[in-house]
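**Student:** Heads up: the protein sequence lines correspond to chains V and L, in order. The opening position of the first sequence corresponds to residue 9 in the numbering used here, with each subsequent residue numbered one higher. The opening position of the second sequence corresponds to residue 976 in the numbering used here, with each subsequent residue numbered one higher.
No lab work stands behind these hints: they were computed from the structure. Since the structure is predicted, the reported quantities are computational estimates derived from the model, not experimental observations. Not one of these hints is a red herring.
Label-pair distances were calculated between CB atoms; the ranges are:
id: 1; chain 1: V; residue 1: 844; chain 2: L; residue 2: 1116; range: 32 to 40 angstroms
id: 2; chain 1: L; residue 1: 1150; chain 2: V; residue 2: 847; range: 31 to 39 angstroms
id: 3; chain 1: L; residue 1: 992; chain 2: V; residue 2: 451; range: 43 to 51 angstroms
id: 4; chain 1: L; residue 1: 1095; chain 2: V; residue 2: 409; range: 28 to 36 angstroms
id: 5; chain 1: V; residue 1: 22; chain 2: L; residue 2: 992; range: 19 to 27 angstroms
Covered stretches of chain L, as calculated for chain V (at least 3 residues, CB under 8 angstroms):
id: 6; region: 1024–1034
id: 7; region: 1047–1058
Just so you know, even glycine gets a beta-carbon here, dropped at the ideal spot from N, CA and C.
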Amino acid sequence: MALTLALRYLLGRRLRTGLTTLAIAIGVMVLFGTGIYIPTMLEAFQRNLRATAGQVDVTITHRTGAAFTARRTEKFLRIAGVRALAGSIERTLNLPPEFYGRDVRVGALLLLGVDPAAAAALRDYRLVSGRFLQAADGSAAVIAQSLADALQLKVDGMLPVPTPAGVVKLRVVGVLAGRALAGNEQVFLPLRLAQKLFDMPDRITVIEANLVENDDVQRAAALQAIEAQLGKELQLGALGAGSEFMAAMQTSQIAFYLIGFLALLMGGFIIFNTFRTIVAERRRDIGMLRTIGASRRAIIGLLLAESLLQGVIGTSAGLALGYGLGRAITTGGAGILRQYLNLEMGALVIEPGLLATTITLGVGVSLLSGLLPAWGASRLTPLAALRPAALAPQQVGRTGTLLGATLIAASLLMLLSGRFALLALGGLLFFIGLVLASPALVQPVAAAFSVLVAQLFAREGTGELARGNLTRHPGRAAITASATMVGLAIVVGAGGLIFSLNESMLVLFRKSMGSDFLLVPPSIAVWKGDVGASEALANKIRAVPGVAALSTLRYAQTSMPARAGSGLPDIAVSLLGIDPAAYFSVSSMDFNAGTAELAAAALARNERNLIINGILAAQTGLQSGDTVALSTPEGQQDYRVVAVGGDVLSAKITTAYVSQALLRQDFHKREDIFYQVNLTATADAAAAGRWLAKITGEYPQFRLVVGREYLAEFSKQFDAVFAGTYLLLALLSLPSLIAILNTLAIGVIERTREIGMLRAIGATRRQMSRTIVAEALLLAALGTALGILAGLYLGYVMVAGISASGIFRMQYTFPLAGVLAAAAAGLLFGVLAALVPMRQAARMQIIAALRYE
Amino acid sequence: MPATVVIQAQDLSRVHGTGDTAITALDGVNLSVAQGEFVAVMGPSGCGKSTLLHLLGGLDAPSRGSVLFEGQPVHKLSDDAITQLRRRKIGYIFQFFNLIPVLTAVENAALPLVLDGIAPAVARSKAAALLERVGLGGRLKSRPDQLSAGQQQRVAIARALVAEPALVLADEPTGNLDTQASQEIAALLQQMARDWGRSVLMVTHDARVAAHADRVVFLRDGRIAQETVLERNAADNQALLAGLITAAA
Ligand SMILES: Nc1ncnc2c1ncn2[C@@H]1O[C@H](COP(=O)(O)OP(=O)(O)OP(=O)(O)O)[C@@H](O)[C@H]1O
Ligand SMILES: [Mg+2]
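Please put together the full structure from these sequences, using the hints given.
**Tutor:** This is how it looks when you write it as structure tokens:
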């Protein structure tokens, strides 16, 4: 019964129903669409780096994923119940684009250096042709069918592989059945060869073991014995790959969720507004229903059934739209991810949790927004409801205004504090304050703007009418304006953040990447899969005529304990090895604590000193002078923090910098993964470039780029990302359009008789249209003014907050373009939103309108 | 009467709907109202009184026949021209006053002038003068919700007169008022015609209100059933009308 009635009522006002439902749909769309994107990206990322677990009973790795000495296998070998056990090397190799030719889409190889004798006991290798590796093999490899197909290789064919010593050709001795996941092609080669190629003498990255079969007791005992032998550094199971990058992405995820939730909140505002009007419109119906015996609960039920219906339809539509949005972002972002992170996006990942959350929120917000008006309706006594509604204009609540003003004042004080937590709280308070105070602002703002509107529509009385119409319902006007405000505030606020971030990033990028030439691996910042080069390459570069300085980065993975007492797991840390003298002559860091000179000097000393970057400092609470334990292949070592600072590439990744000497001593890493070259002032750049191109030709894992061009490319890509983000944000301002439209349409419906009367006493269609446009412009102006104000505050708070947190220091840049765009969008929205109600008002049949109750 | 004809209906008909469901609301009505004349339209519910008023005021278009306003066929004009005619030459009074709740009495009364592009200050002073004439001089700044029903209708009358129209159309102007207020409004409409020279066409169910008119037209099933010219004294007319109404029913 309630549902039938609800459906009839909703269908009776198709336009309004459609618009309100659309508002919810947009919120759900943003929530769902962005919720799809990041997991999809993470999935691609994990797939790229995932070690091939499975098939074996036990996998043992180092906590940090680092290589460790092969001697560690010995104690496990002696355990009873271990049937087969061997150490091997697993290493992902990022391949430069088109490494195997134009049409071959192989983004990375998973190199598996295995002991030919033990391998067969561990895994069942199903060969399609050829044979498996043998102890006597030199440069041999066994590849999967899919790779063989992609490269058109057969047994005895040669497979080129980039290594620190240049490209090495491996003879294919066998082809395995099956197909690897895209971007994760397996290549098996003898362990000894892998150790040699990657400069890891007597080291392994993983121990695999199979236990005795058919004896559960002995298997359990064996497992226990293995665990007892693990020690501090080793762990059971494969490593969660790239956890530092994952953490960074999860932060973005939270930001996206927040935005989606805000969008949904706007939808809630709009539904709330609509239901308030519905209740006002149906006073008589409700009174009648109560008179003939409907209970309070029945009234609530009736209205809730309507909001539920809208919530369900809006959410379903939103899910469908969100899927499209997720697709669009994934496709749009694929190019950049491929270029900088060597990622191939796969199928969209839709987490069940996301689906559940989105549906709950979409339907929940709709229901909640209907609840308050429904409750109000149920409180109407039958008698009061049957009497005509008071014609007196709505009064503005004084308490709300005062509270709002207080909150705004408090938030402004917090702005001065410069503390992250207070800034964040202040941002929230400012918003709530504006929403509370906005009803009181309707009158003055409407008065101010109606002067302008009067100029536009000279002396027809329409401006005054419009103003009167708005001030009649300051509460409703304020809610509409609030919805507009939230929408535009997000645009302006995010604009402030994005502009500031962009500016600051570019400045930093110029500082860090300002060298004349760069050698860039396929994936920057997330270094794990990159293949570096041995010192031979660096030496060759130094010998090029005109080269004044060379700085390289080396990479190792490690982890450090989280903030003491926080109970959090270890933090994965990218450890970058620099040559202190060379690094600071070619590149630079942005220091939060300490100076480049002191840091360089400290790193140059023969001590365990390191520089940590802002995000790492923020996560661990570490400061200059503190001591921290890092996991090394040989166990934990204590290091001293000498400065807090970082380069632009690692801004989002928890990173620490040590000297290359220390990296070699503690982590056995000697590969250079990134090069920056500066020329002398008098050098012939073109000639030097040709020289460098010739030298690096032997190392196709690197791309030689001119610093200036790289900067231009980077800033172009950056702009593209920002434009995309901006577009997404613009989507969010759409519900505010609907909010205005909705309020206007409701106003027209409510005033049907009034419009009939005005037409009867001689108002032209055009005058009616103009009244509606003027009203829309006033509403939009109010919302836009508030939105820009709130947005500027929000942007400033975000920039100041991020700077204060130490993650990334940036300068606030006034988002002039954002403000102008918001103002233009606001006015445009006003006019657009007026179109439909305007037609409605102008087309109204006078007699029918006069009859309207 | 030798006075000039302000509005004239010729064979005026209005059919709602088509085919089997067609309803003839008005069927070949011929009627004219002279300048300064006060005509009352009476008849049972559904006989087509409102329809007649709508057609005369250009709110609705006839199915057949025509309306001449000061000799000019109204329905040959464009929508905008008809609207302008309403704004400048015709005043409307409704049963449910239809005042704008957020505007004051004087602002409401000034509306037609404001819509005509006359400066608000000028419009307001004219409206104030008219409110004075209808006895609301002291309540210029009151909003509709602060006025009694009779006072609200006076504001509506002031609004109808503010543009100095030739014709005032009133559809059951006393339908929502008590006896006392009805009599006052009826007297005001009478004054409007006799003293201020407006033509007034009023629909009413109330014989005591109709008694103030110069002439009463009885409608029945969309046709004019009877026309009676009344005496100048309202009190004398009441008994006459009571008899006529009983006869007509
Ligand atoms: N839009 C319409 N569609 C169909 N029929 C209509 C429409 N408007 C009026 N009618 C019919 O036309 C006839 C005349 O209606 P009208 O409103 O003119 O009557 P009335 O004399 O004013 O009645 P009352 O005294 O009750 O106000 C009625 O039968 C009515 O049902
Ligand atoms: Mg009627």
